[in-house]
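J.: If you want the building blocks of each chain, they are given just below.
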Amino acid sequence: MKTIIIILSLFTITSVNSQAAYEKGMGKAFELWGNQKNDEAANLFERIGKAEKDNWLPYYYAAQIHIVTTFGIKDAEEIESRLTKAQNYLNEAKTFSKDNAEILIMEAMLNTAYVVYDGAKYGMTHSGKVEELYQKAKIIEPENPRAILYHAEWQMGAAKFWGKDPKVFCPEIEKAILYFEKEPSNVPFYPDWGKNQITRIQENCK
Amino acid sequence: MKSLLTTILLLSAAFLNAQNTISGIVTEPSGVPIPGANIYLDGTYDGASSSDDGTFSFTTTETGEQTLVVSFLSFETFSLSMVVTEMKDLKIKLKEDVNSLGSVILNAGTFSAGDNSKASVLTPLDIVTTAGAAGDYIGAFQTLPGTSTVAEDGRLFVRGGDANEANVYIDGLRVFQPFAATANNIPTRGRFSPFLFKGTNFSTGGYSAEYGDALSSVLLLNTIDEPEQEKTDLSFISVGLGVGNTQKWKKNSLSINAFYLNLKPYQEIISQRVDWIKPFESLSGEAVYRHQFDNGLFKLYGGLNYTDFELTQEDINVPEGINFGLKNRNLYINASYKGALGNDWTLATGASFANDHNDIKIEETNVGNDDNAAHLKIKLRKRFSNRFKLSFGAEQFLGNFKEGVSDISFGNFQSSFKNNSTAAFSEANIFFNKKLAMQVGIRATHNALLDFTKVSPRASLAYKIAEKSQLSLAYGDFYQTPQQDILKYNSSLDPEKSSHYILNYLYQNNGRTLRAEAYYKSYDRLAKFDTEMPEFGSNYNSTGDGYAAGLDLYWRDNKSIKNFEYWTSYSYLDTKRDYRNYPERATPNFATKHNLSVVGKYWAQDWKSLISATYNFASGRPYTDPNTNNFLGEKTRTFNSLNMSWAYLISQQKILFVSVSNVLGFDNVFNYQYANTPNVNGNFARRAIRPTADRFFIVGFFWTISDNKTDNQLDNL
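Residue numbers (my numbering), protein chains in the order written: chain A, 54 to 259; chain B, 5 to 721.
Honestly, the hints are just simulated from the structure, not real lab data. Check the hints yourself; a few may be wrong.
[What the hints assert, rightly or not] BS3-like, lysine-lysine: derived pairs with alpha carbons at most 27 Å apart: (1) B:K468 x A:K174; (2) B:K406 x A:K174; (3) B:K252 x A:K127.
[Claimed, not checked] Here chain A is said to cover these stretches of chain B; the calculated rule only asks that three of the stretch's residues, wherever they fall, bring their Cβ under 8 Å from a Cβ of chain A: (4) 97 to 111; (5) 648 to 658.
Glycine included, C-beta positions come from ideal geometry on N, C-alpha and C.
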């Protein structure tokens, strides 16, 4: 009896340890990211992804860090390597979670990054893709606030380029705000970013 | 009891947490430390990032043999398996990823366009928005160095070679009749609509062993893998109407388009130098079906084209002109599959088939011909590592040509031949490091008609001399069977041969590109005959030869002026050849010594307009004046043309397009035709061969209907 209890408790400890390690690791990675240690954070997310084996979230965040980083740099070689790496992470993420709206939204961000970096080279091929990815994401999760908010921002950008009124997309932002409030958060570390960008994007509505 | 349990638990926890420290340094091959590399034990949470001096250190509770992984941007991922306790003071040198943007590229002889490759010189938009190209994808390539301006022909004349020396491939498979049927001195166009393609490689020499039967050049077109969205395209142009539609479902997609061209209304408004009896009319339809498998992609292309026209060709020897009529029907089918076989093997295979039928009427002579041709190909590629790739393959060409001529005075005459050939090729791609790369290949061809077997080596080498610049070299031997007009009368000739020697310098810096290429090309065993045109009774031999040497310069700048891009190409060409019915070595009529193209495009944001201008200059073209004794000894005046186009985007999906060629109305002369007999003064009279009209106008309206409203037909213009 005793032995059984001991063995059982040992098992429990190991499994608790692993869940705890995941949470600790993810927590640590977000902390590094928060402290502007982007590359270290991306590295840690990559390590967690490799160790977890079937969890899309660490790869998703590793990709996000590389994508966001490219918006602040100019060196073509670095931008291309980061975006290639990000695409690889997203491909990994997709193998663990098919038809995932969040991954599609991140892929739309990735393609946007290509257009921002070199519009002449990538504008034509990647713009259509961005649009398609947002539409796909909205079909899977019609109430996903990030899909609605960032799709609206993308469409506003296009409208401005064509000399049209970007304000027609403002009701979409109101919708996004509503869905941000309703967003459930059952899975730890599930994406919930984007809320703090509302004010910036709403600038277009003034 | 409780305390015992606790003790055990604590002990086991302590046991589980027995720690080992792993440490070392990560550097580049040269010893420069790499900060920020990711170092970890595979499958565990244990790891660290390297610090500014490249060193790292972390602890782990893992024991025994483990795999240490080190990864970093633009370097190859490194892994090492050893016992954890021995992982101390490791010295890890990461190898540069030769696929990254800063690596050397094997580009001698080649221009890439639109496939996002590192050596890309034209963007997808360029191919179609270049003024003067008038929607013909070949037109944009004619603004690149190495090509001669032969405006009355429309095909590609590369580095002193005639147009037959350039072959076109779609998805790796041969296109047998890439150009629309036309008459003498009326420029042709490519048969395929430009929006089918996602990327293009135009090689002006030294190309891969995968391609043969071309002495000068190959143009490789790759079709789109997956269309972005479902849409309908409508085009209303001053010379025709077009409609296209794309559907996507599950893992399939289908694009179809049709175009009807009729020059009659246009020619009634704008006067022509040619006397059209039945103006140019053509109907073409194309369809592409694609299916995505788990590990591969299947594409099926089918195109059918029907052309009809009749005209009176001016001729100095026939005052009333020569009546010429042509009806052409062309069918082309291309099926290809490309996929991964696992273990880093890739398979590319496919087949293409063409049936070309002509009914030609020249005065009282009727010519009917049928050309059936097929190409079957299989290619395997093994990626041993990022640094070493090997490919090999085999292909079979089948050709069956039949022609019947009926003439009131000569009666009926039949000719036919079967031109079958088999080839095998292999090529190795080796990256020694980020700075030095090499490609070596070999190709063996056996032709059943002429009964020859030839082996041709190919090699290229590239070396990065500085961060933004590189030098490359290429060499190759190329064989080609003589052309159809000769083969139908004689099948005992040798294959024609050329050898290319190329030295290339490339400088790329953030939107600016300079490319300089010097080359020497020798020709040998060119087919010759002793009559004005190849005929049944002519004497044929393979004793022709020649050379071409020159310098090609290309400069492009996208960055210096906002919203403005321009490129300029200059080619210097020195060439002489003795072929066909030439009495001696001479510079052919199609070869011009100096060629210059300047292309500029300005995006006017306020006007929502893309304004584009192209200026072409070519020095005089050689011609023979029978009043002198010099064969091809005279030169025409220089060629000048300024083309303009304006695309106005009414809305995201509606485009208005206006294009005018030769805005300034330069009076260009391509060649002269002399009378066969001298006039009363003992002089041979002549007639200038000039464009059918000095200017060509196009007005078009393009409308795209799709769900997502961002797509338009800019890529169609």
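J.: Work down the list of hints and note, for each, if the structure agrees.
T.: Do the hints match the structure? See the list:
1. B:K468 x A:K174: Judged against 27 Å, a Cα distance of about 24 Å means the pair holds.
2. B:K406 x A:K174: Measuring from Cα to Cα gives roughly 46 Å; hence the hint is violated.
3. B:K252 x A:K127: violated (37 Å)
4. 97 to 111: It holds, with 4 qualifying residues against the three required.
5. 648 to 658: Result for this restraint: holds, n = 3.
Hint compliance for this structure: hints 2, 3 are broken, all remaining hints hold.
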